[in-house]
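S.K.: Listed here are the chains, written in short residue letters.
There are 2 protein chains.
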Amino acid sequence: MAPLGIIAGLGDLPLAIADNAVASGQGVYVLRVKGFEEPALSKFPGDIIGLGEVGGVLKRLKAAGCKDVVFAGIVNRPNFSDLKLDMKGMALLPKVLSAARQGDDALLRVLVNEFEKQGFNVLGSHEVNGQLLAPAGLIAGNNPSPDDMADIEHAARVVAATGALDIGQGAVVCDGLVLAVEAQEGTDAMLDRCAGLPVTIRGTDTKRRGVLVKRPKPGQELRIDLPTTGVSTVEKVAAAGLAGLAIEAEGALLLNKSAMQEAAERLGVFIYGFPPELGL
Amino acid sequence: MAPLGIIAGLGDLPLAIADNAVASGQGVYVLRVKGFEEPALSKFPGDIIGLGEVGGVLKRLKAAGCKDVVFAGIVNRPNFSDLKLDMKGMALLPKVLSAARQGDDALLRVLVNEFEKQGFNVLGSHEVNGQLLAPAGLIAGNNPSPDDMADIEHAARVVAATGALDIGQGAVVCDGLVLAVEAQEGTDAMLDRCAGLPVTIRGTDTKRRGVLVKRPKPGQELRIDLPTTGVSTVEKVAAAGLAGLAIEAEGALLLNKSAMQEAAERLGVFIYGFPPELGL
Numbered sequence: 001m002a003p004l005g006i007i008a009g010l011g012d013l014p015l016a017i018a019d020n021a022v023a024s025g026q027g028v029y030v031l032r033v034k035g036f037e038e039p040a041l042s043k044f045p046g047d048i049i050g051l052g053e054v055g056g057v058l059k060r061l062k063a064a065g066c067k068d069v070v071f072a073g074i075v076n077r078p079n080f081s082d083l084k085l086d087m088k089g090m091a092l093l094p095k096v097l098s099a100a101r102q103g104d105d106a107l108l109r110v111l112v113n114e115f116e117k118q119g120f121n122v123l124g125s126h127e128v129n130g131q132l133l134a135p136a137g138l139i140a141g142n143n144p145s146p147d148d149m150a151d152i153e154h155a156a157r158v159v160a161a162t163g164a165l166d167i168g169q170g171a172v173v174c175d176g177l178v179l180a181v182e183a184q185e186g187t188d189a190m191l192d193r194c195a196g197l198p199v200t201i202r203g204t205d206t207k208r209r210g211v212l213v214k215r216p217k218p219g220q221e222l223r224i225d226l227p228t229t230g231v232s233t234v235e236k237v238a239a240a241g242l243a244g245l246a247i248e249a250e251g252a253l254l255l256n257k258s259a260m261q262e263a264a265e266r267l268g269v270f271i272y273g274f275p276p277e278l279g280l
Numbered sequence: 001m002a003p004l005g006i007i008a009g010l011g012d013l014p015l016a017i018a019d020n021a022v023a024s025g026q027g028v029y030v031l032r033v034k035g036f037e038e039p040a041l042s043k044f045p046g047d048i049i050g051l052g053e054v055g056g057v058l059k060r061l062k063a064a065g066c067k068d069v070v071f072a073g074i075v076n077r078p079n080f081s082d083l084k085l086d087m088k089g090m091a092l093l094p095k096v097l098s099a100a101r102q103g104d105d106a107l108l109r110v111l112v113n114e115f116e117k118q119g120f121n122v123l124g125s126h127e128v129n130g131q132l133l134a135p136a137g138l139i140a141g142n143n144p145s146p147d148d149m150a151d152i153e154h155a156a157r158v159v160a161a162t163g164a165l166d167i168g169q170g171a172v173v174c175d176g177l178v179l180a181v182e183a184q185e186g187t188d189a190m191l192d193r194c195a196g197l198p199v200t201i202r203g204t205d206t207k208r209r210g211v212l213v214k215r216p217k218p219g220q221e222l223r224i225d226l227p228t229t230g231v232s233t234v235e236k237v238a239a240a241g242l243a244g245l246a247i248e249a250e251g252a253l254l255l256n257k258s259a260m261q262e263a264a265e266r267l268g269v270f271i272y273g274f275p276p277e278l279g280l
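Protein chains in written order, with UniProt numbering: chain A, 1 to 280; chain B, 1 to 280.
If you are wondering where the hints come from, they were derived from the structure by calculation, not from laboratory data.
Note that this is a predicted model, so its numbers are computed, not measured.
Heads up, a few of these hints could be off.
Repeated chains share a single entry, so a pair holds when one copy, or any two copies, can fit it.
Simulated crosslink set (DSBU-like; lysine-lysine; CA at most 35 Å straight-line) [what the hints assert, rightly or not]: (1) K95 with K207; (2) K43 with K236; (3) K257 with K88; (4) K236 with K117; (5) K84 with K257; (6) K34 with K236.
Chain A with its partners taken away, still in its complex shape (with noise of 0.2 Å):
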């Protein structure tokens, strides 16, 4: 069976997609991303390559005998004056450059439409582990009150609006005010700042109010950047004050499932997969 290919950035997520691919027998060819090498991923078959290395990153998937591939875990966008290109690269990097001012999901399409051209299957981490999508409903903790349920709906309208401006794919709603919405700093540093913000305006863990969502954007490529939360999600979601986290149903990716639900439990928040139509 061909190993499965996996261009990793940080963070757990790709660790969990190359140990499920082990475990199933498949096998995985590793290709880290130069200053973003996970450390935990070094004991996998790979190699560690430079974002602008394109046509390395190919001809070494081919090499490994790779057919499926999947990009997974956390890389930040290149300054793309200090890439350094092989010819492959140079190549692709008008598009490339021209598509970045688009937005992320631009971006990305353009990295995918070429992997894709070169013969390789494209997937989507949750392709790869049907284990790791948000199922709908009530995942952890106490059923949302009905105050909740409208912080989930405005925040899910909040994110549909800033998802279609390809601004990110979170925000924090609490008693209809919008707390924080992400965009560049990323889930972790939004609900940080939420934790500073005036007790008055926000939940505490005595009185818990509001909700941290996240779903994709609107039409965005679902084979990369899911939106991905985590045990740390769910501690930051307590620390801030929040009643919950609130993820789409098949829309988002959850790191360690059984994890997060013993932590939401402890910490006494919920979390909750809402339908996929919620807000739009």
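Given the coordinates of chain A, assemble chain B onto it according to the supplied hints.
M.R.: Coordinates of chain B only, in the frame set by chain A:
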């Protein structure tokens, strides 16, 4: 001449308005909101009063002979269940609570309507002191480059969208990428976090790129809560490596314009007033 009534929160704006009203010969009566008492305002005739004492505010303004009233300065949303309410405050509370769920703008409209019903003439800061309003075109520094203009237009579009959802009045865009969107944390905190983003996606003081855009929410109550910028905004724009600050012409306040211009020239950033129809 009836003195100008100022219901004042924190910051330099109420001070600028009070100084102006005294200099013009109108005189002032300043009600400082408890918990948000700007020390520099203690030299003016007035009083300190709680947010829930709506009846008390109206009575004092009448006793001081005020006809024109202006709301100025920063007051965070209170915890409504902690408010000390007088009779008038209690009568207004249901309306306030239901408006609060619809956002800041709806909440402020309830207050304006009540003051008008009581016979006061509620004015915006820009109507009381025309010097504060941002003009159109270049205000300081070098003309924005074509890349800067593209970022200004994209950020103007983003803030129109987030404003329509009553999220906030500001965003930062660099090379087409939305670095940050302002919600309850305020402009200064948003700029501080931009300064902490990877230098690959933002400018630096040797190679400035990206812009902060501030504009009112579409259709917002302009007499309260017009976006306000000052010298510290210019300094934080520079510290975040941005090329400049763009505000909607006639839709934002410049506090101490000449000091802002001086800071912008010194730090090498522009201040630019874009046309109100941009990005709509």
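S.K.: Each hint: holds or not?
M.R.: Hints versus structure:
Proximity of K95 to K207 under the C-alpha cut-off of 35 Å is restricted to the inter-copy arrangement: shortest distance 24 Å between copies versus 50 Å within a copy. In this assembly of identical chains, K43 and K236 lie within 35 Å of each other by CA distance solely inside one copy; the values are 30 Å within and 44 Å between copies. When the C-alpha separation of K257 and K88 is checked against a cutoff of 35 Å, the pair qualifies neither within a copy, at 39 Å, nor between copies, at 51 Å. In the homo-oligomer, the alpha carbons of K236 and K117 never lie at most 35 Å apart, since the shortest distance is 41 Å inside one protomer and 45 Å across protomers.
In this homomeric assembly, K84 and K257 never come within 35 Å of each other (Cα to Cα): the closest approach is 38 Å inside a single copy and 45 Å across copies. In this assembly of identical chains, the alpha carbons of K34 and K236 lie at most 35 Å apart whether taken from the same copy (29 Å) or from different copies (32 Å).
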